[in-house]
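Chains as they are written, first to last, in numbering that gives the first Met the number 0: chain A, 0 to 540; chain B, 0 to 125; chain C, 0 to 113.
Some hints here could point you the wrong way.
[To be verified] The list that follows gives simulated cross-link-like pairs (lysine-lysine, BS3-like), each with its CA atoms no further than 30 Å apart: (1) A:K404 - B:K11; (2) B:K59 - A:K404; (3) A:K171 - C:K107; (4) B:K59 - B:K49; (5) A:K482 - A:K124; (6) B:K59 - B:K70; (7) A:K169 - C:K28; (8) B:K53 - A:K475; (9) B:K70 - A:K473; (10) B:K76 - A:K404; (11) C:K23 - B:K97; (12) A:K473 - B:K76; (13) B:K70 - A:K478; (14) B:K59 - A:K473; (15) A:K59 - B:K11; (16) A:K117 - A:K32; (17) B:K76 - A:K171; (18) C:K28 - A:K171; (19) B:K97 - A:K171; (20) A:K475 - A:K117; (21) A:K460 - B:K70; (22) B:K59 - A:K460; (23) B:K97 - A:K460; (24) B:K76 - A:K169; (25) A:K482 - A:K32; (26) B:K97 - A:K169; (27) A:K473 - A:K460; (28) C:K107 - B:K97; (29) A:K460 - A:K171; (30) A:K117 - A:K478; (31) A:K475 - B:K59; (32) A:K475 - A:K460; (33) B:K76 - A:K478; (34) B:K97 - B:K70; (35) A:K169 - C:K107; (36) A:K171 - B:K89.
[Claimed, not checked] Here are the computed distance ranges between Cβ atoms for each label pair: (37) C:K28 - B:W29: 57 to 63 Å; (38) B:M73 - A:K482: 33 to 39 Å; (39) B:K59 - C:G101: 52 to 58 Å.
Honestly, the hints are just simulated from the structure, not real lab data. Predicted model, so just to flag it, every value in this text is computed and none were measured. We treat Cβ as the ideally placed atom computed from N, Cα and C, and that holds for glycine.
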Amino acid sequence: MNLPTFEFTPALVVAIPLLGAFLTPLVSRINDKLRNIFVIIIMGLTGFFVFLLAYDVLAKGIKVYVFGANTADTIQSLENGLPLLRILFEVDAMSVLMAGISVILGFVAVIYSWSFMKENTGLDKYYTLFLLMIAGMLGMELTGDMFNFFVFLEITSIASCALIAFWTNKGKAVDAAFKYIVISAIGALFILFAVALLYSQYNALNIAVLGSMIQYTFLDKIALILLIVALLMKAGIVPMHMWLPDAYSRAPSSVTVALIGATLASLYGVLRVCFTLYGNSLSNICNNLNINVHSMLGTLLILLAIITIILGVIMALRQINFKRLIAFAAIAELGYMFLGIGTGLTVLGNPELAVYGMTALKGGIFHIINDALDVGLLFLVAGAIYYATRENSLNRMGGLARNLKYTTVFFLIGLLAVSGMPPMNGFASKILIYESTYQLSPILSIIAILCSILLLAVFVKVFYSAFMGPAQPKFKDVKEVPKSMLIAMGIITCIIIFIGLFPQFVINTVVTPAAEALVNFGGEKGFYINEIIESFTLGGV
Amino acid sequence: MLLFIAILDTFKLLLKTLSTNSGFWNPLVWCSVIVIAFLIVYSIRSFGNKEYKKDNEQVKTFLSGNPEYEKEQMHVKSSNVYWGFTETLKWVYNLLNKMHTGNVSDYVLWFVVTMAIFFILIGVMI
Amino acid sequence: MIYNIPYIAVAALILIGLYAVVFKRNLIKMVIGITLIESGVNLFLITLGYREGSIAPIYTSSPGGIMALPVPQALTLTSIVIGVAVLALMLSLVIHIYRHYGTLDARKIGGNEE
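Bound conformation, chain A alone (with noise of 0.2 Å):
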């Protein structure tokens, strides 16, 4: 299978939704459906360019645009010594990845919207506001500059600010709204803080030259400590996670699908910082105890991961609220996520056990792409619930399972999915994650095993008291959910289904080279400013 391969195509991704974004409001003149269609079609279009784009990168390795400027001249200026000041875009198997993820999750959540926001007003601004959110969370993926980088994640804020407090009527929505920008305002500001620091020592804002230069001097500490700090924090990690649960159970629950991607855009931005730009010269560094800082910061991660995990299962098991219940759990996947890359990060520079520092690496980026799904389609379905019902609260709903028969299915499948059970594609991550932190330490997978069980029994809770139970007669006249939610779920479940049967197909496919891409620092292959001057001349542009 030979696919055309665009120069543009990294552009692209990020341009369409950006151009979208700015004509939805002008379409919405014409036509309210024209409007739905044309954002469908505009999140198809990216689609298929990340498609095009993931097929050139897994197939031929990294692959760089150069904004404003063609490539020869830039190679030119790089070998006389000049800094490189253009934008780069630098686009690896990593990035690709998540760009994948973040459009699935936006193109399920803009078909989503169509039945499930039919009743607002505003919706230009909606649709506005949301292609928005996608650029940002795309260009934060596929971006190799450290202050653009900043620029995007400042847009995916306040786009998924603005759109949290969509319902403005309700007061609690606005509340969360305002948490939320103050969190990432906060954050976004000391990482444009650590950002000035890298760039008064090293007079370079792109990633991979910033990599290859480190020193880890003082301000480079402090620098990894403000970003990776402000980073967890973004992505809802405990004990900085409280903005979490509030931002995505008040949201509507199409905005909450794209909420994820968001989130998991942050935590692309902790890989690339711990494994890209501080990944030349972390492994190397020991302090007279012997440890060196890749295994110090590890394990931090690896601690927090685990408070995580136990804190976000045993507050889902108390929640009453639907969606805050759903959003508990979903932090105690991230748990599991940064369970793996942290095993992954402390034990690489292992000799003995780099092999299974590798295997949990797989497990945490492929539980990513899991956890995205199944906690997406368990918001959707809490959407769907609300919008047949108009209940949010767990106490008030019983037998729904007797009106809602496709949405009972998808949500048993998500159940199964989100809490590990075999055979879907929630355990195939979960097995590397477990079987490869048992070689670190037992305690690990162990508290881990647990927690995943305790999360089975939070979403049988939830299964039994909304789905099972006598019919209620208050809701004897709800029916099934319109078509555009139930082909939204029926997206998704599909990709978990197809997951979970095949995860060795998918994990060959994309998560292997996204670990490779990942890991390649100082090795044989070279780092990862090498490969993008040599893709630079060898006209892989």
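Got chain A; can you put chains B and C on it based on the hints?
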């Protein structure tokens, strides 16, 4: 014929077993085991008593002699489902509720505290 | 020592801003705190690009001598624009919060719910 080979190759690609260095996982093997187990259970079930009568006193609900409520009132509410669990762990929940104040200043305070911990562990120690 | 004054100002601005966000109850004061942090970061960026006795980095008919680095200034401008957008959004949210809750006390509006 070529198409057939291509389809066969795709299947070979899809059906690979996931190995974790110390174990393996193949959902298709698992599914077939489940199907076989279901068939066994179903065959055992078919040996059951066929003279069971549906419409007699046997099937009436018995609640220790108490009268039976309306069907709608028999649903156990969500907050009562794991009552024993939450009651035992009440001290944990009290602590956690104190932590989740819903005040945005506290959120930022946690951020500062975490940053300080990271600074002590990474910045000073190493 | 005199050259370190901007950096001390940066640290002071960021710390005062953080103090306002963490310890002030009024939402408007918290917004002011975030703006202070932003000013601190912007000042830091600008200070990085400054060279004593330098001229504006315009090559045409330049009198010669050292030039100030233009990149931090470009970054600062972008950062200021983003900051204005965030500030406007935060203030509009504060207006909505006041309409719904009738108060701006951060401890009264949060609260956990079912």
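Hint by hint, here is what the structure shows:
no., hint, result
1, A:K404 - B:K11, "violated, 36 Å"
2, B:K59 - A:K404, "holds, 28 Å"
3, A:K171 - C:K107, "holds, 12 Å"
4, B:K59 - B:K49, "holds, 20 Å"
5, A:K482 - A:K124, "holds, 24 Å"
6, B:K59 - B:K70, "holds, 13 Å"
7, A:K169 - C:K28, "holds, 24 Å"
8, B:K53 - A:K475, "holds, 28 Å"
9, B:K70 - A:K473, "holds, 13 Å"
10, B:K76 - A:K404, "holds, 21 Å"
11, C:K23 - B:K97, "holds, 19 Å"
12, A:K473 - B:K76, "holds, 15 Å"
13, B:K70 - A:K478, "holds, 21 Å"
14, B:K59 - A:K473, "holds, 26 Å"
15, A:K59 - B:K11, "holds, 24 Å"
16, A:K117 - A:K32, "holds, 10 Å"
17, B:K76 - A:K171, "holds, 25 Å"
18, C:K28 - A:K171, "holds, 21 Å"
19, B:K97 - A:K171, "holds, 20 Å"
20, A:K475 - A:K117, "holds, 23 Å"
21, A:K460 - B:K70, "holds, 20 Å"
22, B:K59 - A:K460, "holds, 27 Å"
23, B:K97 - A:K460, "holds, 25 Å"
24, B:K76 - A:K169, "holds, 26 Å"
25, A:K482 - A:K32, "holds, 15 Å"
26, B:K97 - A:K169, "holds, 25 Å"
27, A:K473 - A:K460, "holds, 21 Å"
28, C:K107 - B:K97, "holds, 15 Å"
29, A:K460 - A:K171, "holds, 26 Å"
30, A:K117 - A:K478, "holds, 17 Å"
31, A:K475 - B:K59, "holds, 26 Å"
32, A:K475 - A:K460, "holds, 22 Å"
33, B:K76 - A:K478, "holds, 22 Å"
34, B:K97 - B:K70, "violated, 39 Å"
35, A:K169 - C:K107, "holds, 16 Å"
36, A:K171 - B:K89, "holds, 27 Å"
37, C:K28 - B:W29: 57 to 63 Å, "holds, 58 Å"
38, B:M73 - A:K482: 33 to 39 Å, "holds, 34 Å"
39, B:K59 - C:G101: 52 to 58 Å, "holds, 57 Å"
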